[in-house]
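4 protein chains.
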Amino acid sequence: MMTSNAEMRQKLIDLRRTFHRHAETGWTEFWTTAKVAGILKDLGYTVSAGQEVIKTEAVMGRPSDEMMAEYVQRALDQGADPDWIKKMDGYTGAMGVLDTGRKGPVVAFRFDMDAVDVSEGQDGSHRPRNEGFASLNDGAMHSCGHDAHTAMGLGLAEILMENRDKLRGVIKLLFQPAEEGVRGGKAMAEKGLLDDVDYFVGAHIGNGLPSGTIAPGIGGFLCTTKFDLVYTGKASHAGAAPQEGRNALLAAASAALAMAGIAPHSDGATRLNVGVLEAGSGRNVIPSRAVMKVETRGSTAKLNSYVYSRAMEIAGGAAAMYGAEFSVAKMGEAVDASSDSELVDLVAEKAVRIPGIVKAGPLMNLGGSEDVSWMMKAVQRRGGKAVYFGLGSDIAAGHHNEYFDIDEEMLLPGTLLFSELAFALAGSK
Amino acid sequence: MMTSNAEMRQKLIDLRRTFHRHAETGWTEFWTTAKVAGILKDLGYTVSAGQEVIKTEAVMGRPSDEMMAEYVQRALDQGADPDWIKKMDGYTGAMGVLDTGRKGPVVAFRFDMDAVDVSEGQDGSHRPRNEGFASLNDGAMHSCGHDAHTAMGLGLAEILMENRDKLRGVIKLLFQPAEEGVRGGKAMAEKGLLDDVDYFVGAHIGNGLPSGTIAPGIGGFLCTTKFDLVYTGKASHAGAAPQEGRNALLAAASAALAMAGIAPHSDGATRLNVGVLEAGSGRNVIPSRAVMKVETRGSTAKLNSYVYSRAMEIAGGAAAMYGAEFSVAKMGEAVDASSDSELVDLVAEKAVRIPGIVKAGPLMNLGGSEDVSWMMKAVQRRGGKAVYFGLGSDIAAGHHNEYFDIDEEMLLPGTLLFSELAFALAGSK
Amino acid sequence: MMTSNAEMRQKLIDLRRTFHRHAETGWTEFWTTAKVAGILKDLGYTVSAGQEVIKTEAVMGRPSDEMMAEYVQRALDQGADPDWIKKMDGYTGAMGVLDTGRKGPVVAFRFDMDAVDVSEGQDGSHRPRNEGFASLNDGAMHSCGHDAHTAMGLGLAEILMENRDKLRGVIKLLFQPAEEGVRGGKAMAEKGLLDDVDYFVGAHIGNGLPSGTIAPGIGGFLCTTKFDLVYTGKASHAGAAPQEGRNALLAAASAALAMAGIAPHSDGATRLNVGVLEAGSGRNVIPSRAVMKVETRGSTAKLNSYVYSRAMEIAGGAAAMYGAEFSVAKMGEAVDASSDSELVDLVAEKAVRIPGIVKAGPLMNLGGSEDVSWMMKAVQRRGGKAVYFGLGSDIAAGHHNEYFDIDEEMLLPGTLLFSELAFALAGSK
Amino acid sequence: MMTSNAEMRQKLIDLRRTFHRHAETGWTEFWTTAKVAGILKDLGYTVSAGQEVIKTEAVMGRPSDEMMAEYVQRALDQGADPDWIKKMDGYTGAMGVLDTGRKGPVVAFRFDMDAVDVSEGQDGSHRPRNEGFASLNDGAMHSCGHDAHTAMGLGLAEILMENRDKLRGVIKLLFQPAEEGVRGGKAMAEKGLLDDVDYFVGAHIGNGLPSGTIAPGIGGFLCTTKFDLVYTGKASHAGAAPQEGRNALLAAASAALAMAGIAPHSDGATRLNVGVLEAGSGRNVIPSRAVMKVETRGSTAKLNSYVYSRAMEIAGGAAAMYGAEFSVAKMGEAVDASSDSELVDLVAEKAVRIPGIVKAGPLMNLGGSEDVSWMMKAVQRRGGKAVYFGLGSDIAAGHHNEYFDIDEEMLLPGTLLFSELAFALAGSK
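Residue numbers (numbering that gives the first Met the number 0), protein chains in the order written: chain A, 0 to 428; chain B, 0 to 428; chain C, 0 to 428; chain D, 0 to 428.
What the hints contain is simulated information worked out from the structure, not anything from laboratory work. A few of these clues could be false.
A pair holds if it fits inside one copy or across any two, identical chains being indistinguishable in the list.
Unchecked claim - Capping the alpha-carbon separation at 20 Å, the derived lysine to aspartate or glutamate pairs in EDC-like fashion look like this:
| hint | residue 1 | residue 2 |
| --- | --- | --- |
| 1 | 165 | 69 |
| 2 | 301 | 243 |
| 3 | 86 | 401 |
| 4 | 233 | 266 |
Given only the sequences and the hints, what does the whole structure look like? Please build it.
In structure tokens form, the structure reads like this:
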């Protein structure tokens, strides 16, 4: 018996609230991944998880192993299935595959699962607080709607499995970790999961689009590289033996000033921000360590690369100036990407037939970064087509705000749009 | 009945261990102050404490009121007398006065009570750990011997009270908070406690002098000013609206470089260290706040003042360069000081007659800062005489090290030397 | 008797070579101005010159009075008419007015007269050298074609005067000094010469357009501000009394680094360049003076103003950091401007009817700065129409190169196009 | 017939004025050297000059070969003997040797010959101007008294030759070029001229000592290194292609700030000064070249070396930061040195017996640098003894001032003191 739309609506809301309650930040989505994997498995999908879907060498910005152990424990304490946790082997993310056995295209859908590094608002008028599904985890909140993405991905999974006889080819449902900070997309793309994909669909809820509308394609992705730069000098007593120190703080200060001064590029906009600098241990000690959190951006890969390579020159030069060592760790990276017009048109066409979607607007300009771009590039590089669209939803506060909340009435239309796209691309002829 | 030397030796060891166990850092010596005040009171001293001995306007580097509430509660939880805690009214420090009623000089002794911001070593061979008197308080340890100073001050109190008939004039015993970071001395001196003092005696245990020796005077105090510099700019999204930000991180970086470059002075050595710099909140946000912990030093007050005034020019200029606000808070300050030769000679003469002290060496060069200098200056300014001497003690590890420990056999000789000086200066004729 | 086209062609070549030979850089065009004024006067124009056409308060980047005296003397030595030199009273630039006495519009044409700060190439194959009209003046060469502009302006003057009966309204011919470095345009515009102008026409030869073509309008003017920044500190012996100095070199270094780091603007491209920094007098002296030559740019006035105002904050802040004084002198400035489509269309229409012009291409993007923009703005602000077009000419080497040379066969077509525009705008009805 | 003291006094004054008139700055003392060599030769000395007395590899701060050709020509134009000029082969400096043929010590005297880079004062009350011996050469003036040193050296030469029968051993008279900027001393010392010397005597006139007094020894020489640092980047148009530039100006600015911030040393005073910075060519061009004139100092060789090696790290690091090349050229260097007490006593003893010298004061502290230190070290390293004493002279204005002038009445006493020392050290027994 098929799930009715009314049942699906309620399921989606329940799932979304469950994930909202168990908000987990990037690379720590152990509870979430186990939940997703369990449901996919129960539905009949072939499920991979953790290291099976993540190329560990391409992982960026993952917390230390010590911290990961704590997050794993937290997930177990909150009831995560130990078998899945074990299978994941320290890494989050999952994929469910539905192979129809019939010749046809490979179609992939991507849903990101991670929460934001913010503690959920305490105000009683905040619905998640009011209705009892506020985040259990301090410092983690679904204030960017990835809980909705994950719920819709599972709703889609159910619809497709119920209708598997009407499909051909292969359906892949990718549940990505660590989109915030653009840390996880590359590791999933480089695992090769997209290498046989003909059609790729991703989406984001909110982004300023009102409920009832969609943007059939999103462009204007900025390329970005996030990196941490650590200077290691030598401590010494600032009064008694200043000459013995190697001042990591001054190396970092010099690097920060020079990085801010990287020349603009005549081809287009570039950005660099040293967002955080933490240096030194005590007032009377020559600082032996400095940590900088930096990001570069460019409207094209070439421009981002220009800024990044200049920043690396500066990083090394400043170390040499102060006789310090330095190390650089990439903490995130996203490339540019664009939606294929063929799929954009399909999204627009299908969307307006869905109850609850009244308007398909024009292409939207992201003006930011999203690491779905790695997956889109991977598909397009091999001749496949990709689209990333915007699903409208009125929101209670801006993205990443502690009082963010979505319009849950958009969960069903969103899920139905995904399934309509699946049938359009891989329906039985 | 008089306390015997053997009894006093044991009392001093017990007291020192009690204080060691209840280590409290600068301005949080609530348990310690209450203990000291209670003992002095029981001995018959007129006791003042907290705001009665501290000029609050001259306080530097005191933790926030929120944190102070926690420290007060900790002291109460550890058994501090609530009456004394209440009387102190948020401030630590105590003074016991013994007025003989007989005409004579006013003689003051100073003992500092605060612990260092270090967690006590865990190693089982560390005697305080081994014998059960390691610090109860994480992040606070008596690794500079002020526990010994406090114990000797109370031992001296007992001896003098027992022998009050042999004294004339007035004896003042000052128990100072927050010597570490040179934060408390000025507030006690400016309260006027020294304004009627004819003779002033301070001392420090350890400092590289072996057990059995003393340095009858210590000179070479460096003048120093400790300050925190806070830049407040304006946050904005580093990618979308960089022009709206006011970059506090770059203001701080520019200030740090310029402060390091303050020209040397032909009159003597100067120092400036930006020991800590913490700026920014997120990688993609123009940093709106930066905090710098800075210290200046000079071998004379003029030299320290030269560096400090140049640093203030730089602080303001860097703020103007980046359109940021700035504020400066003095966190500590010490002046130069020297011991009067009359008292130095007296210390040397008396010391070598004390069992356990075999040698009075030459004057010692501190090569650092000590805020006893404010008290010595206050006394000397009015024509009084002051001395600050070194009491030898083998130590288990360097000052401020987590395995620091003193030779408890020097507690009795030290206490006896203090009492001999009292009798020499204020003994009945 | 009217001048024939053949006669005019030869006159224009002769005039252009005369001006080429007497190349004078910005604000020193004494010989050139006297020559222009004399010819205009002889033709029957009402002529103003020097301070009559220049608002001295708005002059930027003029050499010192001492140097001006030398330039005046050079002009006299080279045969300039002393009466005109005297009338100019130290300032260059001229205007000839033809008032037809008939009601009609005021139409202004602008020709810039200054040479570039470059010494003319010595190679014998260079036509000006080869044919004897190379610059007489070391360090000054017409390597941007303003000699051609001036010649065409005088050719136009002759044609219009010969045909004054066919004109109505008033014709103003403006001969501007100091376009290089965008120094003179503002002073002429602010003198009020354009305040009654209905139609304004300016043009530039070369700019990459081949002979026989024109660009009927030029857009994409960058706003720019050129300024000199001088820091004055205090010298002292670097070894014996470093503390007495106030280091202007370090103030300038700090300012240069900070200016390079002015945040980009999300509205569009900005630029800042510290092109020259000269500081200090001797190796062992704390530098007491530093001079910086800086320019800001922006694709709009708002963007240029954003960069300039941030630069001023930095200039002042850096002075304060190092206890130095500073002064800023504007050395040039240009605003943005755009040609009115009505006149652009007219230029295109008239151009292709002129023998020697075969093609009117599209609008051209300047991608640089031109201070004709001040005049265009002055006219447009009051409701007038303005156009700045490009006159094609093959060139022997790039603009500002020492081997630059124009195609003299374009002088006649250019002059005829100017006159056709005059008749179209102010011809008798 | 022996020269009388009265005759010698007049000769010394005449010689000093001749040298004053022909003032030549460091490494350009062609006229002076030829004059000195000629006189020595005529007196009977064995004379070496130019490359015979200079180790060219150790030469620092010599002007370019092109400039040297002009200086040679100037010397010839002013009447220098072409034979000597030819023999010198581009290098200045001379030595006269008097070998008595009798067994005895080798005694060396050193006189420096170069003028200062300053144009002589124009005021009529300035005696050299007034009495017709002001410097012929613009930008060169004997404002440090080396003209007096050279004259006394020749006076000594005459006295010793006249009295050669009363001497034994070997006398070497060294006339050193380029003491200013401490450029020439090392090249003469490393030529090996001092390798057989048993006693070495140098002196300086003035230095704040009044006429009639001497300082029998001078100590407190500061070690110093003078170097030029050149950054070479890449020019590009600052508006159109800023990304293509490599900004040498910013590299230099960053280096200057970092060099100023080299940490002080607990062993003693250090100094670093970037005295001159010249960078960039045009306001709208990314600066491709920057030149810095820097000096380091330290009260010991170790301290100077500490600062210099840190400066080199900074120089390289700043180049790397900005993708620029850099080169360093040592322009001068002096070491520390001290006078041997045996000779100091001798100077004091002999001085007070000379008419015109009334007092031998205490040792003097130079507080600066003098490259006679290289020669003193060379002698002392091999067991010889050295002294550098101060000869008092009232002066009209400070050293290096354009109105500096000495008291010529001290020339004879100075010369007599030198000869008394020669007889004391190498007189026949």
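Could you tell me which of the numbered hints above are not met by this structure, giving the numbers in increasing order?
Result: hints 1 and 3 break, sorted rising.
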